[in-house]
Every structure is written in C-alpha cells, then in structure tokens.
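Chemist: Protein sequence lines, in the order shown, are assigned to chains A and B. Quick note on this note's numbering: the first sequence kicks off at 1 and runs consecutively. Quick note on this note's numbering: the second sequence kicks off at 1 and runs consecutively.
Please keep in mind that the hints were generated in silico from the structure rather than gathered at the bench. There could be a bad hint or two in this list.
What the hints assert, rightly or not - What follows is a list of derived Cβ distance ranges for each label pair:
no.	chain 1	residue 1	chain 2	residue 2	range
1	B	Asp148	A	Ala89	28 to 34 Å
2	B	Ser6	A	Met136	57 to 63 Å
3	A	Pro291	B	Gly15	36 to 42 Å
4	A	Gly74	B	Leu3	46 to 52 Å
Heads up, the beta-carbon is just placed ideally off N, CA and C, and yes, glycines get one too.
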Amino acid sequence: MSHKIYLPRDAAALSVGAEKVAATIAAELASRGIDAQIIRTGSRGLHWLEPMVEVKTAKGRVAYGPVTVKDVPGLFEAGFLEGDDHPLAQGLTKEIPFLKGQTRLTFARCGVTDPLSLEDYRKYEGLKGLEKAVAMTAEEIVTEVTDSGLRGRGGAGFPTGIKWNTVRQAQGTQKYIVCNADEGDSGTFADRMIMEGDPFVLIEGMAIAGLATGATRGYIYTRSEYPHAIATMRAAIGIARKAGVLGASVLGSTHAFDMEVRVGAGAYVCGEETSLLNSLEGKRGLVRAKPPLPALEGLFGRPTVVNNVLSLATVPVILDRGAGFYRDFGVGRSHGTMPIQLAGNIKYPGLYETPFGITLGELVNEIGGGTRSGRPVKAVQVGGPLGAYFPVDLFDTPFDYEAFAARDGLIGHAGVVVFDDTADMLEQARFAMEFCAIESCGKCTPCRIGSTRGVEVVDKLAKGDRPDEQIALLTSLCDTMKFGSLCALGGFTPYPVMSALTHFPEDFNRKPIAEAAE
Amino acid sequence: MALGLSDEELAERVGRIVGMHSDLEGPLLPILHAVEQEFGCVPEIAIREIADRLNLSRAEVHGVRTFYHDFRGEPAGRHTLKVCRAEACQSVGAADLADGIRAALGIDWHETTPDGKVTLEPVYCLGLCSCAPAVLLDDAPYGRLDLDAVRDLVAEAS
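Next comes chain B alone, as it looks inside the complex (with noise of 0.2 Å):
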C-alpha cells in the first residue's frame, strides 16, 4: 500500500499515464512529471511500472528520477513554497528573508510542517529577479517580500 492505493490500482494507473506518453521521443521526463503531477511524488511502485513499460531497467529509472529536484520519493504537503536562494534575490536581502520563513515555520529546507500544509524548498532563481526577494507559492509567483508578506500568504492558503 502506499498513498492509500493498492499497488495494483497504483500499476494500473502508472501504467495508462505511460500510454498515454507512447507516442513521444524521450519519454521519462514527461512520464515522471505527469506520475508526480498524479500522485504528488514517484513512489517506488511506480518506478518498477515505468521501467517495465518502458523496457528500462529499474535502476535507470530510480538514477532518472533521483537526478532532478523536483521528483519527491514522498507526496510533499497541501503546499509547496518556493523560496529563491539566488544571487539577486540575495542582494536584497533573501538570506535574512529565508532564515525568517524557516523559523516562522519552524522547518528546514526540503522539510514539511506537522500539520502537512507546508513543504518549504529552496530554488535557484525563479526569473523574478526584477521584483526580489520572490517565491513561488505552489504555481503562483510573489515578488517584493518581506517576510510579513510571506506569512500573510501562507496564512491565506487553505
């Protein structure tokens, strides 16, 4: 069992998202991001689907899906803040800003509030750089925060 599913009823829903990829050049990306878009990680069950049907060895598809940021081995919270760590963010104070949002949470990069609302992920540029500090609360962006702006609005979200 895992995310409440059967791993058969997992199989058989990795497996129609793979179908419904057959027809693309290069696969993997596309597959594993509509896995995670699904199911809000790539769990383990469905790494030994893809690699199935994909005629891949496991191994391939574990090293794929380990390799990039954004594939979770666990479903993150309700939401996912993004908070940028790079240089024009920094340059207008986004160190200070991101010590404040960990403590305001109390949780570290990568990590999940007790409640479950709020995964906290760092990111290296979010092309905002015009309008920094900014973060990108699950798909919406945010410019010019302080860090009282950033608890208003993950006070807002449900």
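Next comes chain A alone, as it looks inside the complex (with noise of 0.2 Å):
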C-alpha cells in the first residue's frame, strides 16, 4: 500500500521550514525506496506545532510536530509511516485537544483536503451548498441566509442576508459580489487560511451569493503581502471555470457567474469597504462618505454586496445543512462559529473555530496556554490594530459581538493578540496613533490630522510633560476622532488608544525626564 503523507503549504508552515521538511521527506522517500505519496494541504492551524506532518494510517491521520529537516530520518528510522510513537507524536490528529474542542464548520475541510483538488473538496461536501442554491429562488436563498443569523465577519456585524437582501432588490443591468479579502489587521489570519487551505469554499460562497442577488461578476480583492493566497486562490478560480462551477452555466444552471483575483498594494484602508471599491475601480483608495450604501451604489456605481471572507466561506454550510443548524450555534444575537485567531504571545497559538459565547480567558488561558514568554498576561488586543485592549480582569467578557461593545471594545476579525507584563501600554497607544497617522487615507481631517497629534501627546506624556493636561487633551482627541471620522480607521484609533489608559494608567504615569537647561 502506498502511504499517504499530508504536510501543509500554507504560508505560516511555509515561514517555519515546511517547504525544506517536504523536500526531505521527498528524499529520504526515495533513497529508502519507500511508495508513499505527499499531499500538500492547508494548515490545520495548530500553528505551534508547524510544520506538521500527519500520515494516514488504519486509525486515521497521526500528527508529529513541529518537525525540522534534521528529525525526518529519525521520524522514519522511528516508523512514522505506520503512525508509530517519537518524541514529536501528537498522536491521532482529530483527538489533539486543541483542534478536538473545537466546531470546524467554516473551516472544516482547512488542513484536511488538497486546496487544488476538486475531487477532494467535493468528497467532503463541498459544492452541495451550491447545488441546493440553483434549485432555489434568489429570494429563497436569501432567506436561508437571513434566518441562519449570520453576520459579517470582517467586523462590522452587519447581517449578511439583510445586507444580500438590498442587493437583491436593487436595479441594475450589473451587479458585482466583492470579497474584501483585505485581511490587515494584525493577528488576523483565518482569511489567509481559508484562501490558502480551501479556497473553493470561497468561491462556492461567492456563487451562491451572485445567485441571491443577480449578480455575475465577482472580485476578490486580497492583499500583495499574500503571494501565496494569491497563487492559490487564482489557481483554484481556473479549475472551477474548467469544471464549470464557474461560467456562463454554474453547475449546469442558467446562471451565470465569474470572478477574479485583484491585489491591493500595501494600503491598510483599503480593507474598509468603500476605499477598497475606489481602489478596485482604479483609484486612490478613499473613503467615500455614506449613503449611498454600497449595496445600492458600489463598484462602479452598481449594487454590490462587500463580503468578508469568512462570512462568504460560511455561506456554502448553511445552504448545505440550513438556516437552523448554523443559528442553533452561538449566543444572543451572535449565531453560529467564528474562527477565532490566537496569535502574538501565545503558548499555543492558531485557529480555533468555536461557537459565540467562549470567555476571552478560557480562549487565552486554557486553550491558548497562557504566554509564549511564560510570564504573566498583561493584555490581550482584541479585533487588530483598532481594537481594545482587555486586561485581565475582563477576562470574562464572553466572545459576543454585544458583550464586548458593552465593553467598550469589538471582536472585529477576531484575531486575538497577547501581551506579557513587559509590554508598555503607553508604547501600545502610540503606535495605535501612528499606524493611524501611516495609514490614513487622507480624506477626513480627524483621522489624517488627528493621529499625528495624538503621537505627539503621548509622546509628551511618556517624557512626563503636564501630564493631567495631556490626558485631557488625548481624551478629548479620541472623541473627536471617534465621532467625527468618515470610517473605522479613525473612528476606532481610540479604542486601543483609550483602552490602555483606561485600563492601565500606571503606564502613563511617566517622571517628568529633567530636560537640559537652554
């Protein structure tokens, strides 16, 4: 029997060694004379143990990580092919406690199929969303959508269907489905995951939303610093076309729907929805005031539904399994999963698909295991560049798009970030203002102004200057940045800004530094 060797070639496998580990394996392979296939995958996301070789065997797949060039032969002098113990075993791959806790439905093929292999995905259910979708009515669909409680995942919250809904309703000879793949927001990498590990999710999602709504042309509009996501999402777009799940016929239907891969060029804003269609039409990437809605005027001035990418892969499950099995999942108004990112100072960091309702500390404490450091937590930023930081003692603050308003803070993307007791919040809100200051588009004065001077009050009060004063002053500069700017850039600088001197005042309490007298 040949055997079966999976290793992923998502890029967070890649930066730890995994194209080196697959190369030696390739070797050792043959100068052993070993029949054994290597099938390149997505990453599970249990990031800590990349590069993660798992093989198939009688009882299912066996894990081993995280595996350097220099343990492959003693991986095979040890049998890892017949699934036999090393130091590096994790035992049944399915039975790892971190990926065992969790509900995959978004992300249940990511790490388990080939990304490129058709076959593959349909052998594990994949396109049976779509096919349930052509046998339905536009309006049928987005009622499946609406009822399943689904909402935008890229941050905002906004319910897909009613959002599908306006599109659908809309006039207009062309209507266009854009997936804001723009995934900026540090610690966030689930969008990455998705199109590198199962990119036909996205695509099935992007179809089926194109039938709900009429629309026939589709762009996904990704990041250049995702050479990877890129390759592999417009590799895959091909094959659907060849397949005719995309095309003039989807799936044999009367509906018609294509799509393409566009690429941003290192501009953060352009993940907000309306910068991001100015910048696919060609333009600078600017915000542009609202109304008119982009689903009534979007690109080119045409009804267009702007999806995340997660909320566009979870859309071929719902239509698969319904409405009411993806509701049952989650609490309050926040139904179903989310693919929850653990990432900076993590024990065990990667991609932990849950339903709504997990405390932030059971997320960092138990499942992540605390620091990578070993030292204590100090804060953990949840939601990217623009979200709070939480200190410990909200750690109970369950995963809820309302709980974490309620405290004053927001999921976004769900990248959670941690910090040990070495981190300078003071250093933190600086750097919130200046990636502001960098990444402002320019339009609206709060934010293009605004964050340049919120550098230099922090600044001023890390050197201990009049420092009452100046938190006044930097209170005052994040409400005028909160209430008066066009997007979320600017209007969600103060929450990391606010957090950290909400929460840990200490750090900026700062000795006046004696300056040298003129």
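Two chains, two frames, some hints: make the complex.
Modeler: See below:
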C-alpha cells in the first residue's frame, strides 16, 4: 500500500520551514525506495506544531510536529509512516485537544484536503450548498442566509442576509459580489488560511451570493502581502471555471457567475469597504461617504455586495445544512461559529473555530495556554489594530459582538493578540496613533490630523510633561476622532488608545524627564 | 534615459503592458503592478504613457501611484526585506528585532544597502501572527525569527 503523508503549503507553515521538510521527506522516501504520496494541504491551524506532518493510518491521521529537517531521518527510523511513536508524535490529529474542542463549520476542510483538488472538495461535502442554491429562487437563498443569523465576519457584524436582500432588490443591469480579503489586522490570518487551504469554499460562497442577488461578476480583493493566497486562489478559480462551477452556466444552471482576484498595493485602509471599491476601480483608496450604500451604489456605481472572506466561506455550509443548524450555535444575537485567531505572545497560537460565547479567559489561558514567554498576561488586544486592549480582569467577557461592545471593545475579525507583563501600554497607545497616521487615506481631518497630534500628545506624556493636561487632551482628541471620522480607521483608533489609558493608567504616569537647561 | 532604456523603448513596453490589460474593468492597479513587476518601479515615463492610453490625467495616475506603499518611484535593491512591525509581532519582540536589523544592515526603513542588495521596508502584518516575529524576503515568508536568523537569511540571499 502506498503511504500518504500530509504536509501544509500554508504560508505560516512555509514560514517555519515546511518546504524544506517536504523536500527532505521526499528525498528520504526516494533513497529508502518507499512508495508514498506527499499531499500538500492547508494548515490545521495548530501553528505551534508547524511544520506539522500527518500520516494516514488505519485509525486515522496521526500528527508529528513541529518537524524540522533534522528530525526527518529519525521519524523514518521510528516508523512514523505507520503512525509509530516518536518524541514529536501528537497522536491522532482529531484527538489533539486544541482541535477536538473546536466546532469546525467554516474551516471544516482546511488542513484536511488538497486545496486545489476539486475532487477532494466534493468528497468532503463541497459544492452541496451551491447545488442546493441553483435549485432555489434568489429570495429563498436570501431568506436562508438571513435566518441563519450570519453576521459580517469582517468586524462590523451587519446581518449578511439583509445586505444581500438590498442588492437583490436593487435595480441594475450589472451587479457585483466583492469579497473583502484585504485582511490587514494584526493578529488575523483566517482569510489567508481559507484562501490557501480551502479556496473552493470561497468560490462556492461567492457563486451562491451571485445567485442570491443576480450578480454575475465577482472580485476578490486581497493583499500583496499574501503572495501564496493570491496564487492558490487564482489557480482554484481556473479549476472551478474549467469544471463548470464558474462561467456562463454555474453547475449547468441558467445562472452565470465568474470572478477574478485583484491585488491591493499595501494600503491598510483599503480593507474599509468604500476605499476598497475605489481601489478596485483604479483610484486612490479614499474612503467614500455613506450613503449611498455600496449595496445600492457600489463598484462602478452599481449594486454591490461587499462581504468578508469568512462570511462568504460560511454560506455554503448554511445552504447545505440549513439555516436552523447554523443558527443554533452561539449566544444572544451572535449566531454560529467564529474562527478565532490566537496570536502574539501565546503558547498555543493558531486558528480556533468555536461557537460564540466562549470567554476571553478560556481562549487565552485554557486553549492558548497563557503566554509563550511564560510571564504573566498583561493585556490582550482583540480585533486588530483598531481593537481595544483588555486587561485580565475583563477575561470573563464572552466572545459575542454585543458583549465586547458593552465593554468598549470589538471582536472585529476575531484576532486575539496576547501581551505579557513586559508590554508598555503607553507605547501601544502611541503605536495605534502612529499606525493611523501612516495608513490614513487623508480624506477626513480627525483621522488625518488627529492621529499625528495623537502621537505628539503621547510623546509628551512619555516625557512626563504636564500629564493631567495631556490626558485630558488625548481623551478629547479620541472623542473627536471617534465621532468625527468618516470610517473605522480614524473612528476606532481611539479603542486601543483609550482602553490602554483606562485599564493601564500606571503606564501613562511617567516621571518628568529633566530637560537640559537651554 | 531611465533604467538603462531609452524613453521610447520604455514607453513602448509600458504601452504593451497597458494593452494586455485592456479587457479589465478598472485596470489601473493591475497595470501599475505589472509595470512595477517588469521595471522594479513605476517611472515617470510610465505614468505619462499610462495616462495617455487610459485617457486619464498624469496627475490622476501619479496620485494613484503615490497613494499605495507598494509602487516605487525608484527601483529597490536586488532583494526586498519586509519586516512586520504590527502588534502580534511587537508582542514577541519585533521592535527590538527591527532595531537590530536596521543596525545590522546599516540602513533605515525604505533605504537600500550601499551594495544594492537589500531594501528594507516596514510592513503592518503578514498574516503570520501565529509564528511571530515574521518577515517576507521577496515573496518568501519566514517566522519565529531572531536577529541571527534574519542575518543568515540576508547572508544567504545572492
């Protein structure tokens, strides 16, 4: 029997040497004359174990990791092809607690299948949602998505079905589905993992969105910082087109839908939907005022759905299993599951998909294992560079759109970045303002000027220069930015700044630095 | 003369690139990427040529070119090292790592080493936050780095 070895081609795995490990295993197989197939998959999301090698055994896949090039001969000696024991052995992959505790709906196939095998995709429940959708009316599809309770996974949390319905009812000869894959938030990588690990699910989700709204063209706008995701996505679109999943007749139906990948050029603000649309049109990525809503006047002024990767990639399972199935997961008004990304100074970083409702403390301490450095946790930033810093005393906050908002935070794209007690929260506040200044599109004054003034005020605080006045000024500035900015970049930069100031006041209380007399 | 090509040659090659993108909706960013790919930057002549062919003003094309961090006015070094400065990398020492890299290369952000080998660019997230700190050397990702590992990467690059 030919052995099967699975090894990720995900960028996170590649960043820690997966390619060299794959080459070494291939060379070892050749020199030992062993018949085996190396299948390159996406990542399972257990990133502290990357590069993680899996082998197929009678009991299921067995994992080994983190594997380095020098471990490879030893793995062969130990009989890893039969799933035998080795110091790097993790046992059956599906029994690894980090994976076993998850509810994988959006990420069901990621890390399991060959991302560019449509045959694999079908074998693991792929295209079932789209098959159902082609037999439904547009209104029925929209109703299903609305009833599932799915909300925008990019961060805003707007109900996906309601957005789709607006586009469905809008008049227009050409409508568009735009996938926002401009995943620029630090601590997030779920979009990248889907595009690299299960690209067909995104294609399927976009095709369903097309059927539901009458849109026949789709664009995936992603980042130039994601070369592997771009290549995989483009290859997958080509395969889907050839197989009749995309094109003039989607799965043999009377519906047409086709799509392409467009690449940004290093502007964070293009993750904001109106800025993204301008960028797609070939303009500077300036934010547009709303209204008009993109649903009515979006790309090239036409009705446009703009959805995050995770929202679209979740649609196929909703259509396949039904709205009720999905809706039953979660808490309050946050239905379904969220692919949470654990990152930064954390012992077990990776992708953890779970129903809404899990607390921040469970995520960081129990699932994430605390800090990588072994030092106490000081702060956790949730939701990227525009998300609030949470102190340990707020670890009982459940992962839920409303619960985070109630504590002056946001779940955003569900990135969780852990900092240990060496973090200086004044520096983090300064960085938030600096980042906003670097990435501001420049259209509105609170963001463009406010961010630079913010850096200056924090710098004065750092010198202990009249701290009470600076804090009052910073607070007022944050108010202006929050309520006066056109988009979330200027509007949400106050979250990290004010949360740092509120929860860690001691870091802002600096002794005056004696300046040399002039 | 720019990039060792006559203005006419450069304009002609840019014209060909624009032609290859004529069937796209909103073709400007794909065109700028293709020009950047071919010449390592978007030179002034290219802006003029693109503007002519797309019926845009030079100011508009210049405005787009300069809005995005990726489009360069001058070519970079033989390699581009993008070092992540964002929060997840900060939480595991990215600021010190970046200082170390700048000192080791003897250059600041956006600069190129005197031998023309490496251009150093800051980047705000590579999506490798679970394997931080991370860099992208040309198109290859590297994670869980320390200064010695980055030095080795740069040394190995030709």
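Chemist: None of the hints should be skipped; say for each whether it holds.
Modeler: Checked hints:
no.	hint	verdict
1	B:Asp148 to A:Ala89: 28 to 34 Å	30 Å, holds
2	B:Ser6 to A:Met136: 57 to 63 Å	60 Å, holds
3	A:Pro291 to B:Gly15: 36 to 42 Å	40 Å, holds
4	A:Gly74 to B:Leu3: 46 to 52 Å	51 Å, holds
Hint compliance for this structure: every hint is met.
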